Structure formats: C-alpha cells, structure tokens
Amino acid sequence: MMLLAGAAMFLQLGFLLHLTITKTFSTELVMVFLINLFVPAIFLYRLWLDRKPQYRRHLTLSAHGVRYRTRFMQPEHEFDWEEVDAVRVELFKVVFVLKNEEVHEISLERIQNDEMLQQVKEQVKMMVRQKDLQLH
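Going left to right, the sequence shown walks through residues 75 to 210 as our numbering numbers them.
It is worth saying that the hints were derived from the structure and are not from the lab. The model shown is predicted, which means the values in this text are computed figures rather than measured ones. The reader is advised that the hints may include incorrect statements.
[Unchecked claim] FRET-style restraints, in silico, Cβ to Cβ:
id, residue 1, residue 2, range
1, 88, 176, 12 to 22 Å
2, 92, 121, 20 to 30 Å
3, 193, 108, 33 to 43 Å
4, 172, 106, 45 to 55 Å
5, 174, 101, 54 to 64 Å
C-beta atoms are modelled at their ideal positions from N, C-alpha and C, and glycine is treated no differently.
Required output: the full structure, derived from the provided sequences and hints.
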C-alpha cells in the first residue's frame, strides 16, 4: 500500500511538472492536483506514525510512574508516583500535582469515543487509589 501511495504521488507530481513545463495548465487544474496529493500524503503520514509510535501523543500509567506526551513530536514527560501529591480528574483532562508544586495537565480532548474516555479516567482513578494518593 505504501508503495502504491508513493507511486501515485510521484505520478501526479510528474504530470504536474509536465503541465507546468508545457504551459498547458490552469490554476484550477493545479489546485485539483495539489488536493489529490494531500490524500496520499495523509496516508503516508499515518503509516509513518504506525511505524514510529514514539512520536504519538500518549498517557502511560505504570506501577512506577506516569509518562505522557501532550503534542506530536514534543518531548515526553515522566514522573514517579512517589512525586505525586494529588490528582484531579476533570471532564476532559487529568491534572497531576507534584509534591514540589509542579503541575502536569494532560488533556483527554482528543479521545473521541466516550466509552474509551471513561475507561481512561477509571484507570487513572484506580491507579491513584492503589497508590493511596489524594483524588479530587
């Protein structure tokens, strides 16, 4: 599939170059070709993300601590449960307040499935109870 998407993009770029060189193009035609390039580009981008999961947004709860990335290709944040003073679970975010008064807000707005959102919140609450931390 990736080879096919790459070939389609290459073919369209070649055809666009040919139209540009021969001066037989119109602005509308160029726009159509650029829009058509957008779809395979998104497909290739999603394939790339599947192969490079370390760049995705995530929230990982483990027995030792919390790791998360709030934005694409941003640095990952990590802290241990021993550092956490309190946790606040809100409608679309989880807030971790550390003992050094540092605050880590993790947005859950990107989760579009309500059932999955509830599951994430329940897992956070369960882990907070296991670690005997304040839950607000």
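Results of checking the hints against the structure:
1. 88 - 176: 12 to 22 Å: Because 53 Å falls outside the window, the suggested range is violated.
2. 92 - 121: 20 to 30 Å: Holds, since residue 92 and residue 121 (Cβ atoms, about 28 Å apart) stay within the stated range.
3. 193 - 108: 33 to 43 Å: holds, 40 Å
4. 172 - 106: 45 to 55 Å: Holds, at about 52 Å.
5. 174 - 101: 54 to 64 Å: Since residue 174 and residue 101 have Cβ atoms about 57 Å apart, the given range 54 to 64 Å holds.
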